[in-house]
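Asker: As a plain string of letters, each chain reads:
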Amino acid sequence: MIEIHLILLFMIAAAVIAVEVKDLVSSVVAIGAVGMGLCIAFLLLKAPDLAIMQLVVEILSLIILIRATIRKDLPFSASGRWVFNTISTLSFIAIFLTAAYISLKHIPVFGNAVLGVSKTYLEDALAGKGAYNTIASITLNYRTLDTLGEAVALFTAVIGILAIARRIGGQKEG
Amino acid sequence: MTVYLLCLVLFSVGLYCVLRKRNIIKIIIGIGIMEYAVNLFFILLGYRHEGRSPIFAEDQMIKNVVDPLPQAVVLTTIVIGLSVTLLLVSIAIRIYEKYGTFDITKIDNLKG
Amino acid sequence: MLDREDKGMTLIVKTVTRITLGFILLYGIYIGFSGHASPGGGFAGGVIIALSFVHIMLAFGKDVALRHLKARMLRVLSALGGLVFLFVILMGFAHKRVPLDMIFDAVRSCHIFTNDIIIPLCEMVIVGAGLFAIFTALVLLSKIDKNSE
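Protein chains in written order, with our numbering: chain Y, 1 to 174; chain L, 1 to 112; chain X, 1 to 149.
Rather than coming from a laboratory, the hints here were simulated on the basis of the structure.
For every residue, glycine included, the Cβ atom is placed at its ideal position computed from N, Cα and C.
Some clues are possibly wrong.
To be verified - Which bits of chain Y does chain X cover? Going by a derived footprint, with three or more residues having C-beta under 8 Å, they are:
1) 53-66
2) 105-114
To be verified - Straight-line C-alpha distance at most 30 Å; calculated BS3-like pairs for lysine-lysine:
3) L:Lys98 <-> X:Lys70
4) X:Lys70 <-> X:Lys14
5) Y:Lys105 <-> Y:Lys119
6) L:Lys63 <-> Y:Lys22
7) X:Lys62 <-> X:Lys14
8) L:Lys63 <-> Y:Lys105
9) L:Lys98 <-> Y:Lys22
What the hints assert, rightly or not - Selected chain Y positions facing chain X (in silico; Cβ < 10 Å):
10) Leu9
11) Gly32
12) Ile135
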């Protein structure tokens with residue numbers, strides 16, 4: 001699967017650009033490129049449900065990020081105590097990648113996934129439930145409590161934003 | 001194996017950004033990159049060669065299907081990642097109103 | 001820049017928005033309701049409907065968008081969506097009186113709602129909840145921007 005490697009290399013290049021560029025709007029555009037590459041990677045990995053979801057969620061988060069940065073455009077990226085901090089961060093990342101390489105030998109090779117629990121879902125979905133989309137059947141029939149937890153997480157974020165936006169002086173809202 | 005390692009390299013690019021940058025918007029961008037990398041890693045774990053997507057049609061016999069369970073989990077995770085990003089950006093705007101800067105080394109007053 | 005935010009964008013953007021807005025809303029409703037047979041589902045449909053309202057707000061300014069959908073109505077609808085969803089799940093619990101780890105059997109053998117009704121009903125609720133929560137957040141963020149300058 002050479003296409004997945006190419007998409008991953010493109011995403012890494014766009015992510016490095018997003019991290020290193022000094023202008024804030026340019027780095028938000030670069031993370032948009034990373035998200036677009038991720039959407040194409042989901043399509044290559046045969047997950048169309050996730051590709052739709054990733055695309056629209058990324059559009060919304062880009063709108064909100066640009067909303068936050070376009071008025072307060074302070075391109076501020078300099079760092080102090082440069083040498084020690086960079087070397088310690090890079091050595092930590094090297095240790096992390098080495099440990100990951102050692103432990104990645106024990107999981108199944110890419111492309112031979114073990115369908116343990118999913119075999120039950122796949123056999124039962126069409127016959128028992130009548131839903132053609134297995135993912136919708138999993139999220140709404142077998143794992144409904146996960147979907148409830150997702151709705152709770154959305155509501156918590158909305159309540160949190162309402163609480164942060166509240167003014168102490170009693171600004172009228174609503 | 002190299003696909004997994006490239007995905008973890010993407011995660012470590014995001015981790016480097018969170019640890020080393022001084023601007024709050026850059027930190028939010030780094031957290032976003034880490035979210036993308038973790039979601040991709042879950043879906044890479046569940047891929048089968050010559051599989052097809054787990055959506056049945058009326059009259060097709062299915063031989064080889066990609067794993068649908070990580071996809072259902074990542075669907076939830078993408079929405080939760082969006083709500084975390086929304087909350088972070090609203091906190092960042094509030095910090096800008098209070099201190100006048102996005103630089104995290106200048107935010108050191110402990111008064112409310 | 002404050003006046004430009006209030007009045008929206010240029011004439012080209014406004015004209016194109018008037019044409020494409022109905023299609024975006026219809027596409028979001030379609031993806032939300034046909035999630036059981038093709039990719040999509042309630043959450044993706046809800047986000048697309050929210051994006052259509054955000055489109056109004058970006059192109060025409062905040063006042064026109066809030067005239068179409070009042071902020072108080074947003075909170076009522078969001079809370080209502082969450083409560084209906086919770087009620088549907090608790091019906092699944094209470095109808096068979098089974099312990100927590102038999103939720104699979106409880107939802108399936110709930111003989112008030114058959115499986116043809118419960119799936120679109122849940123999706124309609126999730127679409128409503130997802131949509132309005134996200135749009136509420138963006139409207140209030142723009143209120144922060146207004147009041148800070």
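Asker: Are the hints correct? Go through all of them and say.
Answerer: Hint check:
Under the rule that three or more residues need a Cβ within less than 8 Å of chain X, the assignment of the region 53-66 of chain Y holds, with 7 such residues. Chain X is given as covering the region 105-114 of chain Y, and this is violated because 0 residues of the stretch bring a CB closer than 8 Å to a CB of that chain, at least three being needed. A threshold of 30 Å between alpha carbons decides the hint, and for Lys98 of chain L with Lys70 of chain X the separation of about 29 Å falls inside it, so the pair holds. For the given pair, Lys70 of chain X sits about 21 Å from Lys14 of chain X by alpha-carbon distance, which is consistent with the 30 Å threshold.
A threshold of 30 Å between alpha carbons decides the hint, and for Lys105 of chain Y with Lys119 of chain Y the separation of about 25 Å falls inside it, so the pair holds. Of the pairs offered as hints, the one joining Lys63 of chain L and Lys22 of chain Y is violated, with about 51 Å between alpha carbons and a cut-off of 30 Å exceeded. Proposed proximity of Lys62 of chain X and Lys14 of chain X is supported: the alpha carbons are some 14 Å apart, at most 30 Å. With a C-alpha separation of about 28 Å, the suggested pairing of Lys63 of chain L with Lys105 of chain Y holds against the 30 Å cut-off.
With a C-alpha separation of about 24 Å, the suggested pair Lys98 of chain L and Lys22 of chain Y falls inside the 30 Å cut-off, and the hint holds. The closest approach between the C-beta of Leu9 of chain Y and any C-beta of chain X is roughly 27 Å, which is over the 10 Å cut-off, so the hint fails. Because the beta carbon of Gly32 of chain Y sits about 15 Å from the nearest beta carbon in chain X, more than 10 Å, this interface hint is broken. Using the Cβ-Cβ criterion of 10 Å, the hint placing Ile135 of chain Y at the interface with chain X is satisfied: the shortest such distance is roughly 7 Å.
Checked against the numbered hints listed earlier, the structure breaks hints 2, 6, 10, 11; every other hint is satisfied.
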